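Asker: Take a look at the letters that make up each chain.
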Amino acid sequence: MKSVVCVKRVPDTEARIRIGDDGRSVDPSGVKFILNPYDEFAVEAALKHKEAGEGEVVVLSVGSAESVDVLRTSLALGADEALLLTTTQSAEGLAVAEAIAAELKERKFDLILFGMKAIDDDLQAVGAMVAELLDLPSATVVTEFSVEDGKVTAHREIEGGTEVVEVPLPCVLTITKGAYEPRYASLKGIMAAKRKPLTEKEAHLGLSHTIESALEYPPERQAGRIVGEGSDAVPELVRLLREEANVI
Amino acid sequence: MAGIIAFGEVREGEVKKSSWEVVTAARQIADVLGCEVHALLLGGPGFADAAQELARYGADAIFVAEDESLGHYGPARYTSVVVDFIREQGCKVAVFPASALGKDLAPRVAARLGLGYAGECTGLAVEADGLVATRPKYAGKLFAKVGFEKAPAIVSIRANVFTPQEKPAAGEVRSLSIDGESGGLDAVVREIRASAGEKLDVGEASIVVSGGRGLRDPENFKLIEELADALGGAVGASRAVVDAGWRPHAEQVGQTGKTVSPQLYFAVGISGAIQHLAGMRTARYIVAINKDPDAPIFKVADYGIVGDLFEVVPRLTEEIRKLRG
Ligand SMILES: Cc1cc2nc3c(=O)[nH]c(=O)nc-3n(C[C@H](O)[C@H](O)[C@H](O)COP(=O)(O)OP(=O)(O)OC[C@H]3O[C@@H](n4cnc5c(N)ncnc54)[C@H](O)[C@@H]3O)c2cc1C
Ligand SMILES: Nc1ncnc2c1ncn2[C@@H]1O[C@H](COP(=O)(O)O)[C@@H](O)[C@H]1O
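Top to bottom, those sequences are chains Y and X. At position 113 of the first sequence the residue is numbered 112 (numbering that gives the first Met the number 0), and the sequence of numbers has no breaks. At position 77 of the second sequence the residue is numbered 76 (numbering that gives the first Met the number 0), and the sequence of numbers has no breaks.
Don't read these hints as lab results, they were simulated from the structure. It should be emphasised that the depicted structure is a prediction, and the values quoted were computed from it without experimental measurement. Hints may contain errors.
DSSO-like cross-link-like pairs, simulated, lysine-lysine; straight-line CA separation at most 30 Å [said to hold, decoys possible]: (1) X:16 - X:257; (2) Y:47 - X:257; (3) Y:195 - Y:31; (4) X:91 - X:144; (5) X:321 - X:290; (6) Y:1 - Y:187; (7) Y:104 - X:149; (8) Y:31 - X:144; (9) Y:31 - X:298; (10) Y:31 - X:257.
Cβ-Cβ distance ranges computed for the label pairs, FRET-style [stated by the list, open to error]: (11) Y:182 - X:183: 12 to 20 Å; (12) X:190 - Y:215: 42 to 50 Å; (13) Y:193 - X:179: 53 to 61 Å.
So these bits of chain Y aren't anywhere near chain X, every CB distance computed over 10 Å [as the list claims (entries may be wrong)]: (14) 1; (15) 28; (16) 105.
Just so you know, even glycine gets a beta-carbon here, dropped at the ideal spot from N, CA and C.
Assemble the whole structure, with the sequences as input and the hints as a guide.
Answerer: Here's what the structure looks like:
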């Protein structure tokens with residue numbers, strides 16, 4: 000089975016995100032970058048399924064030259080081959096999906112895996128968009144899946160429960176935290192990664208369909224008041240919620 | 000005149016409450032633009048009568064497609080029906096709920112039509128160049144203003160932000176005839192398993208009670224469940240307790256979990272790490288219960304009680320129960 004996992008380089012979750020001088024982009028100085036946590040789950044899922052049978056795992060990223068980092072990380076975890084589609088523009092959504100679809104159209108894969116969302120743009124869309132552009136069936140927000148007889152049985156997280164779906168191969172899946180606990184790269188893996196193929200080529204980025212005109216900070220939350228200490232404070236809290244906040 | 004399309008979600012024969020919010024949001028834009036709101040609902044046979052209620056929130060017409068093939072959500076199938084509808088009707092904006100279904104469907108619709116998509120919007124405004132959506136990024140550490148290269152704009156709206164407003168309109172229910180074939184290869188639903196006790200989803204609930212490592216033991220989450228129950232809210236969790244296997248990931252609030260905007264959020268035995276705050280800081284009111292007066296959660300809480308949660312929470316549940324009779 001041949002899988003490709005799309006991975007993105009994103010700011011660390013600890014990072015303080017600052018708006019740049021232009022008011023519409025994020026200032027990257029001093030920010031540490033990591034492999035998108037949901038993409039880690041997707042890489043882990045691909046590796047698990049590779050280990051259970053035959054196959055190979057290709058990782059793909061669209062981004063600046065710096066995205067090589069997250070591809071190397073993925074290779075160190077056990078992916079076989081990496082591909083960087085380079086671009087100097089920042090892009091999201093359909094533009095990125097079009098670049099990924101243009102590349103994958105040329106190749107044959109059984110499984111095309113994505114993270115559920117990238118924790119920078121929080122769009123939760125690129126996986127479904129690629130499925131649409133390649134005219135492939137898909138399941139999103141998958142916590143675990145099995146592959147048998149040319150089809151995937153996947154568990155999707157939906158409101159208040161789980162939906163079990165069957166999807167014929169080849170297909171697109173977007174992965175969330177579930178059965179896949181990301182592994183750590185071993186020293187051996189890190190050494191081996193250096194010899195694995197990593198290709199760079201220019202991305203055929205689609206046109207931007209949305210325009211981000213401005214970024215803003217959320218309104219500062221003022222610290223409120225300490226109502227009191229211990230359970231004696233409970234009646235006053237209930238009164239405030241009822242009479243002042245009007246929410247219960 | 001091309002109007003605003005409001006996609007209403009139907010699940011197991013019921014029109015979901017999120018549809019009221021979608022129609023409310025659509026109505027607000029339509030009033031500025033002076034155009035109509037057309038609601039669209041897909042599902043298995045037998046829900047059309049329930050769809051009528053969307054007129055109350057301002058739907059000028061309600062199109063329903065009832066068909067066996069729409070009884071469960073199939074991404075390719077639903078996309079085809081929605082895309083056909085948009086092509087036929089034309090519209091300026093199509094609004095979807097940012098639910099599991101909406102966030103799967105809306106991006107596919109945008110991709111097939113080659114249109115811009117903004118997800119999880121918390122604001123929609125009309126400016127000279129058309130629609131401008133406000134949406135959170137970095138789990139709410141920033142908000143972006145998003146414009147669209149061309150109409151229609153495809154957006155999904157976050158739960159609990161567009162409070163349903165009654166604004167009665169004609170809202171006649173019309174049945175939509177659909178192409179029996181369209182769709183192609185698709186995912187097929189085999190089974191839906193409700194999580195224990197038919198619980199409210201943390202992303203949809205207007206009151207959320209979250210517990211953290213301060214609970215000390217998974218058994219003690221009973222206290223959180225009881226409080227949530229008394230309030231008619233949903234249970235949430237910090238990542239610490241999800242990683243420990245005490246609670247499912249579906250309940251995790253934060254940067255790598257759900258981002259929630261309820262009316263009222265309780266953080267019980269949660270320290271308030273930056274990744275947790277990212278997921279809940281847009282709640283209308285935050286209440287913190289923590290024994291450590293220096294816990295960072297108090298910096299964002301509207302109301303705090305410093306104390307032992309094992310004493311405070313049972314008392315609180317009792318008071319709420321009394322209040323609610
Ligand atoms: C990549 C990454 C992603 C992450 N994503 C998320 C995320 O999505 N969501 C998230 O929540 N975290 C996330 N985290 C983890 C985050 O950094 C914190 O570790 C986590 O939120 C801590 O959970 P907690 O508050 O339950 O535990 P702790 O920080 O251990 O806090 C427990 C609190 O309970 C209080 N307490 C203890 N006993 C009592 C008592 N008897 N009565 C009252 N109070 C008591 C303590 O004073 C303390 O404040 C992420 C971390 C990383 C690195
Ligand atoms: N620039 C990118 N390069 C490669 N994959 C990406 C990129 N952006 C998004 N993805 C993939 O699409 C998923 C969803 O991203 P998003 O729709 O932006 O939240 C991510 O988890 C990645 O798997």
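Asker: Sort out whether residue 144 of chain X lies within 30 Å of residue 31 of chain Y, counting only the CA atoms.
Answerer: The hint holds at about 25 Å.
Asker: Are the Cα atoms of residue 31 of chain Y and residue 298 of chain X separated by 30 Å or less?
Answerer: Judged against 30 Å, a Cα distance of about 25 Å means the pair holds.
Asker: Below or equal to 30 Å on CA atoms is what counts here, so check residue 47 of chain Y against residue 257 of chain X.
Answerer: It holds: about 26 Å lies between the C-alpha atoms, which stays within 30 Å.
Asker: Taking only the CA atoms, is the gap from residue 91 of chain X to residue 144 of chain X under or equal to 30 Å?
Answerer: holds (18 Å)
Asker: A range of 12 to 20 Å was offered for this pair. Does it hold for the Cβ distance of residue 182 of chain Y and residue 183 of chain X?
Answerer: The hint (12 to 20 Å, Cβ to Cβ) is violated, given that residue 182 of chain Y and residue 183 of chain X are roughly 36 Å apart.
Asker: Test the statement that residue 28 of chain Y is away from the interface with chain X: the closest C-beta pair must be farther apart than 10 Å.
Answerer: Given a closest Cβ separation of 16 Å, the condition holds.
Asker: Would you mind confirming whether the straight-line C-alpha gap from residue 104 of chain Y to residue 149 of chain X stays at or under 30 Å?
Answerer: Between residue 104 of chain Y and residue 149 of chain X the Cα gap is close to 26 Å, so the pair holds against 30 Å.
Asker: Is the straight-line distance between the alpha-carbon of residue 321 of chain X and that of residue 290 of chain X 30 Å or less?
Answerer: Judged against 30 Å, a Cα distance of about 25 Å means the pair holds.
Asker: Sort out whether residue 257 of chain X lies within 30 Å of residue 31 of chain Y, counting only the CA atoms.
Answerer: holds (23 Å)
Asker: Beyond 10 Å on every Cβ pair: is that true for residue 105 of chain Y relative to chain X?
Answerer: The assertion about residue 105 of chain Y holds, with a minimum of 19 Å to chain X.
Asker: Does the Cβ-Cβ separation between residue 190 of chain X and residue 215 of chain Y fall within 42 to 50 Å?
Answerer: holds (43 Å)
Asker: Is 53 to 61 Å respected by the C-beta to C-beta distance linking residue 193 of chain Y and residue 179 of chain X?
Answerer: holds (55 Å)
The structure fails hint 11 only (numbered hints given earlier).
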